[in-house]
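Asker: These are the residues of each chain, in order.
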Amino acid sequence: MGSSTEEFPTIDTTHLWSTLKMEDELDDDALLIELHCLIHCTSKLRFTRHTTIGDSQYTDETVEEGQAYIKKQNHPGHNFVHPHTTRVDTIIAGYNSLATKYGQAHFDIFLKNLYTSYPTPDPTTSAMTYLTQLNEGRPKFHVKWAYIYDFMSTIIEYFDRRGVTL
Amino acid sequence: MTPEERRAIFKSAFVKALKKDLYPRYVNGSNIALNHLLMNISLSLFPENNINSELDMEQYELTGAVIQRSNKHDIRQTGAKIHTFKEQSLDALTTSAYGMPLYVILENPILLRKLGSKIMTFMYLGDDLIMDSFLGTVVHWENMKLNSEWKPRLLFWTELPFDGVKRMHVENKWFRPFDSADKIIWDDFWGGICL
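Keeping their order, the protein sequence lines are chains A and B.
For the first sequence, my numbering puts the final residue at 166, and the numbers step up evenly by one.
For the second sequence, my numbering puts the final residue at 1195, and the numbers step up evenly by one.
These are calculated hints, taken from the structure and not from any lab test.
Keep in mind that this is a model prediction, so the values were computed, not measured.
Warning: the hint list may mix true and false statements.
Computed list of lysine to aspartate or glutamate pairs in EDC-like fashion (alpha-carbon distance at most 20 Å, straight line) [to be verified]:
| id | chain 1 | residue 1 | chain 2 | residue 2 |
| --- | --- | --- | --- | --- |
| 1 | A | K21 | B | D1188 |
| 2 | A | K21 | B | D1182 |
| 3 | B | K1114 | B | E1149 |
| 4 | B | K1118 | A | D27 |
| 5 | B | K1019 | A | E61 |
| 6 | B | K1019 | B | E1048 |
| 7 | B | K1151 | A | E65 |
| 8 | B | K1019 | A | E64 |
| 9 | B | K1011 | A | E23 |
| 10 | B | K1016 | A | D60 |
| 11 | B | K1114 | A | D27 |
| 12 | B | K1151 | A | E23 |
Sample of chain A residues lacking proximity to chain B, with all beta carbon distances greater than 10 Å (derived) [claimed, not checked]:
| id | residue |
| --- | --- |
| 13 | M22 |
| 14 | A30 |
| 15 | T48 |
| 16 | A93 |
Each residue gets a CB set at the ideal place from its N, CA and C atoms; glycine is no exception.
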């Protein structure tokens, strides 16, 4: 059995990747897999022993432990950094790393195309507008919507930080 | 099978599967990448007489594959055996569980009281490793199970019978892998991945 404390922050650090010798693959399919896994690895759906719920809407507020959890969620302290901020920074760092690995120019074109060609019901509507509209008035959390939203919004953020507006 | 052939099959199946969630029919639906990964691998390994090409995942995407009773029902249609975990360890799983789904329940009576519980599907990769159903992350169960907030608990795992019975048999197609000849190909494929 492998080390139970071993973490795999990105797909290319896993046994799966090395066993398949995926490091030899540097085509667009491999890049898409790495991008997909990067988005997912940074989400709250990636479970380790330290992954928190980070949401008090399901908590039993009638017991002391529940009340303490709700209080902690509502008053996280002055040094609190929202997980979304950390997630975006991690994804952008991952994008930069992949740009180095696959070539900056190729990576930028691939990522730009991923965003601009994302299918929406109305071709004149951008992916972000479509995704935002889709969730308006629907407070329920959908994992797939969140995954696509994180993907598309961080592409915009990546280019914004490079001074490029999509 | 050569490592290159194995890699090509896995990679192609992986990309097709993740695109099902990246470009979904229902954006607010459930993720179905793992279903498609296994379906695509099956079709690549057994292109002939394979009913899996006609499987419709739309209902999974619409309603979620987390309804345990219907999930178990669908698994049994393939002939797969369902084994309940007696210990909170993957040590009991053998090579026959490579690439097969296993199910984990999340239940915290205080922090998740209003949610009740949530069931998640993972794919077993051997050596205590599991991959989530989004095909996005690989984690160690022995690490994950220590999570004190979500309190994950192993429910059951699945195992294909390879008994030669042509299940979901319609005309000249049935569920594959299904017999001892298929088992050799299936085990060779996964054995080269889950080392």
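Asker: Each hint needs a verdict: does it hold in this structure or not?
Answerer: Hint check:
About 17 Å separates the Cα atoms of K21 (chain A) and D1188 (chain B), which keeps this hinted pair within 20 Å; it holds. At roughly 25 Å between alpha-carbon atoms, K21 (chain A) and D1182 (chain B) are farther apart than 20 Å, so this suggested pair is violated. Simply put, K1114 (chain B) and E1149 (chain B) have alpha-carbon atoms about 14 Å apart, close enough for the 20 Å limit, and the pair holds. In summary, the hint linking K1118 (chain B) to D27 (chain A) is not supported, as the alpha carbons are separated by about 37 Å, beyond the 20 Å threshold.
Between the alpha carbons of K1019 (chain B) and E61 (chain A) the distance comes to roughly 40 Å, so the proposed pair goes past 20 Å and is violated. Among the hinted pairs, K1019 (chain B) with E1048 (chain B) is inconsistent with the structure: their alpha-carbon atoms are about 24 Å apart, more than 20 Å. About 15 Å separates the Cα atoms of K1151 (chain B) and E65 (chain A), which keeps this hinted pair within 20 Å; it holds. The suggested pairing of K1019 (chain B) with E64 (chain A) is violated, with an alpha-carbon distance near 44 Å, which exceeds 20 Å.
Annotation: proposed proximity of K1011 (chain B) to E23 (chain A) holds, straight-line Cα distance about 12 Å (limit 20 Å). With a C-alpha separation of about 41 Å, the suggested pair K1016 (chain B) and D60 (chain A) falls outside the 20 Å cut-off, and the hint is violated. Of the supplied pair hints, the one linking K1114 (chain B) and D27 (chain A) is violated, its CA atoms being roughly 45 Å apart against a limit of 20 Å. Between K1151 (chain B) and E23 (chain A) the CA atoms are separated by roughly 35 Å; this puts the pair beyond 20 Å, and the hint is violated.
At roughly 7 Å, the least C-beta separation between M22 (chain A) and chain B is not larger than 10 Å, which violates its mark as non-interface. Not every C-beta of chain B lies more than 10 Å from that of A30 (chain A), the closest at about 7 Å, which undercuts listing it as non-interface. Against the 10 Å criterion, T48 (chain A) falls within the reach of chain B, whose nearest CB is about 6 Å from its own CB. With a closest Cβ-Cβ approach of about 17 Å to chain B, A93 (chain A) is found to remain outside the 10 Å limit, as its non-interface label requires.
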